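The hints should help you fit chain R onto chain V, whose structure is shown.
The lines below spell out each chain.
2 protein chains.
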Amino acid sequence: SLRALSRDLDISISTALQAYMTLENQGLLEARPQSGFYVRSRLVAASSQPDMTKPPMTAVRPGKAEVMTDVYRAMGQREMVPLGAANLPTELLPTRQLHAMLARMTRLYPDEAMAYDTLPGNERLRRELSKRSITLGSAYAPGEIVTTVGCMEAVNLALRATTSPNAIVAVESPTYYGILQSAAAMGLRVLELPTEASTGLCLMHLERALKRFPVKAVVVTPNYNNPLGSQMPVANKQKLAELAARFEVPVIEDDIYGDLPHDGERGAAVRAFDKKNWAIYTSSFSKTLSPGYRVGWAVPGPRFFEKIERMKFTETVATATPVQMAVAEYLRNGGYDRWLRKLRKQLKVQVECATQAVLRAFPEGTRVTRPSGGFVLWVELPKRVDALALHTACLKKGISIAPGPIFSTHNRYGNFIRLNCGNVWSAKIERAIKTIGEMAAK
Amino acid sequence: SLRALSRDLDISISTALQAYMTLENQGLLEARPQSGFYVRSRLVAASSQPDMTKPPMTAVRPGKAEVMTDVYRAMGQREMVPLGAANLPTELLPTRQLHAMLARMTRLYPDEAMAYDTLPGNERLRRELSKRSITLGSAYAPGEIVTTVGCMEAVNLALRATTSPNAIVAVESPTYYGILQSAAAMGLRVLELPTEASTGLCLMHLERALKRFPVKAVVVTPNYNNPLGSQMPVANKQKLAELAARFEVPVIEDDIYGDLPHDGERGAAVRAFDKKNWAIYTSSFSKTLSPGYRVGWAVPGPRFFEKIERMKFTETVATATPVQMAVAEYLRNGGYDRWLRKLRKQLKVQVECATQAVLRAFPEGTRVTRPSGGFVLWVELPKRVDALALHTACLKKGISIAPGPIFSTHNRYGNFIRLNCGNVWSAKIERAIKTIGEMAAK
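Protein chains in written order, with this note's numbering: chain V, 1 to 442; chain R, 1 to 442.
So here's chain V without its partners, still in its complex pose:
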């Protein structure tokens, strides 16, 4: 207890809190919500993360999209304990506030909300995004921004603007399955690259790949990769921008989790170090404000701006106007930063609780990532465990998980699962993790 410590040592409460926070930052203490500070479990300290990944250096066409549709569908089922899809429950989102802004903006500006949004996207929203863009390490004007239907449309536009069928696109291994589906839909070949659980994409291997293959685009999640939770160090981001310039290869940067570091400031974008304009920045508010509003954006840079803007018109004409206006108003005036501070703390605790539960309940030899942001855990189970079979078994118990193989084209990660830690920690979730562990042991 803070109070006990301040009394015992005759220091002020704020000094005691400072001390605890320092220890927390060093990973020796952990904060539990509505409870207090606890000595961090040895389990986590002792556990190791998954090793560097070693995907084969071959470019392949993803082909399992059909099979996996069932997996995605199951992951999204609402009656399940939702450890599958990476998703926040509405209780952790500014639900009433955002809806109230939607109502207010359509009442104040009924005509604007009703009309087709014009290229490159809603002006109010682009203005607010521009104001905030300094947090990415480099500011962008409203005219440099294209708004989209979530981050996925932005990534798809960037892929279409930089590749043509049969081209090779380099991705992290493991990578978000949506990228693999897009590559499959566009007839692209995918080259998976090794990653480290903490620092993400291995640039040595990327450089080697760029020398050997005619790579047309690199898709990367520098901040809090999904599923790894890794963050590229600043030096790596710089190096990545340099490699892009040297090999003249576009880097499509998916920053959807960028606003959700567990500690400290948000990480910069690769685009901030990109003097030659090879980086295409993409993000959205689906992981911070509302998945259902479908509001995303891109900063394509001068090299790709016109093409991406034109393609946006071709694909969906425009993004829905009212939802863009509501997000713009929230950014202007809703306390987004305050909101983020609260959400980050909450997610850190949830990830921590899930990690503890996994290490307690899962078979010996299980390894877990230590994400520095976001809200997913990447769990390596003993080799004998079949993640797809585990997924099916879990569904029967009313629990959804994301099986490892969907994050790769090579049938790799057969003994990995991704756990969504977006939910408020509860006995129900703890029990679900225990059940997964028991089934994995069998």
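Hint data in this document are derived by calculation from the structure and do not stem from the laboratory. A hint or two may mislead.
[Stated by the list, open to error] Heads up, simulated SDA-like pairs for lysine to any residue below, C-alpha to C-alpha not over 20 Å straight-line:
#	chain 1	residue 1	chain 2	residue 2
1	R	Lys307	V	Pro165
2	R	Lys216	V	Met186
3	R	Lys307	V	Met186
4	R	Lys307	V	Asp70
5	R	Lys307	V	Gly178
6	V	Lys307	R	Ala185
7	V	Lys307	R	Gly187
8	V	Lys307	R	Pro165
9	V	Lys307	R	Asp70
10	V	Lys307	R	Met186
11	V	Lys307	R	Gly178
12	V	Lys307	R	Ala74
13	V	Lys307	R	Ala184
14	R	Lys307	V	Gly63
Since this is a predicted model, take the numbers as computed values, not measurements.
Frame of chain V, contents of chain R only:
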């Protein structure tokens, strides 16, 4: 005057009205808003429509997308007299009512409105679409419907599901330029087919094309084609469905104007005659309820359903939830049919007024279509007129128009323009049409 007629002939007002409406249906009278019934101008009766089109029978890759972006952008400029983009002003849309439903649905169901919509789209909306689908000539279950970001996403999904790069897609000539842009983005070759100003796509030529070319999809707007305003007779729709089955070629049916006949009942969908499931139905509410909400839908049929559903997830993950809920509520409970009746009458009058103005003000030899629905006019000017130059000259006068060449891949229709008649008729619009006519004469 109705009153004078009823007095003069000693009949009831409603009988007089009935008589006027019969004469109106026969094209002998015209209704002018807030004014009354007038004997229809001889001009229109005497004018002829453009001839059957005769595009060359070759499949080409559309290549002018870059140039045309300026045209689209200019067409959407808000400060112009808006005769370019096919668009309704908010005063002709149920603006406050729809926004009020948006506010109400997000208040009543905050969690649902916040969450990712699950495949194949918002259930409330699919339920209401299903109920209404009987007006298409054949009813569809909610489970047969995929919701989309406007009609354009639906058409794009259908094109991607049925073609691969370099494939040939047959379209009407002239056709909506969005189709040509999509074909360009997907690397497709476009085969333009002859059309009649009244009945649309010429099936004799389609059949010939299907025999000669490996056509992978036919894109057609059976009801109120844009820019022609043509409507396929029922027999042609039937025949088209038969051709699709015989040649095993998918028909992508764009019915975005289908709810806007000027007289009588809405036309059936080709899909209603399609026993072998080759027709993919697409539509949206962008021309009837709200362009800005971006709510569209598709009925892909069992042959293409899974593929299109999967692709929808890949492209944009989901359509924004709140806007779908608002449209669903409007359909359930907002008087959509009553609304449509009012809107159709209004549009008919506006198209009529614009036709009269064009025939009065444009150079001799001008021909105009007589659309049976929707709200665009396709105007053929004398051969010497260059529509692209006219477009540029009009922009300088603060008037936007849609130049003919954007509706074709062949640089055809160089002396055609499309006029948006979505605006409430006014002296300003009349003056603008007069100005266009004067510039065309020069």
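Hints and how they fare:
{"no.": "1", "hint": "Lys307(R) / Pro165(V)", "in the structure": "19 Å, holds"}
{"no.": "2", "hint": "Lys216(R) / Met186(V)", "in the structure": "17 Å, holds"}
{"no.": "3", "hint": "Lys307(R) / Met186(V)", "in the structure": "14 Å, holds"}
{"no.": "4", "hint": "Lys307(R) / Asp70(V)", "in the structure": "13 Å, holds"}
{"no.": "5", "hint": "Lys307(R) / Gly178(V)", "in the structure": "15 Å, holds"}
{"no.": "6", "hint": "Lys307(V) / Ala185(R)", "in the structure": "10 Å, holds"}
{"no.": "7", "hint": "Lys307(V) / Gly187(R)", "in the structure": "15 Å, holds"}
{"no.": "8", "hint": "Lys307(V) / Pro165(R)", "in the structure": "19 Å, holds"}
{"no.": "9", "hint": "Lys307(V) / Asp70(R)", "in the structure": "13 Å, holds"}
{"no.": "10", "hint": "Lys307(V) / Met186(R)", "in the structure": "14 Å, holds"}
{"no.": "11", "hint": "Lys307(V) / Gly178(R)", "in the structure": "15 Å, holds"}
{"no.": "12", "hint": "Lys307(V) / Ala74(R)", "in the structure": "17 Å, holds"}
{"no.": "13", "hint": "Lys307(V) / Ala184(R)", "in the structure": "12 Å, holds"}
{"no.": "14", "hint": "Lys307(R) / Gly63(V)", "in the structure": "14 Å, holds"}
The structure is consistent with each of the numbered hints, conforming to all of them.
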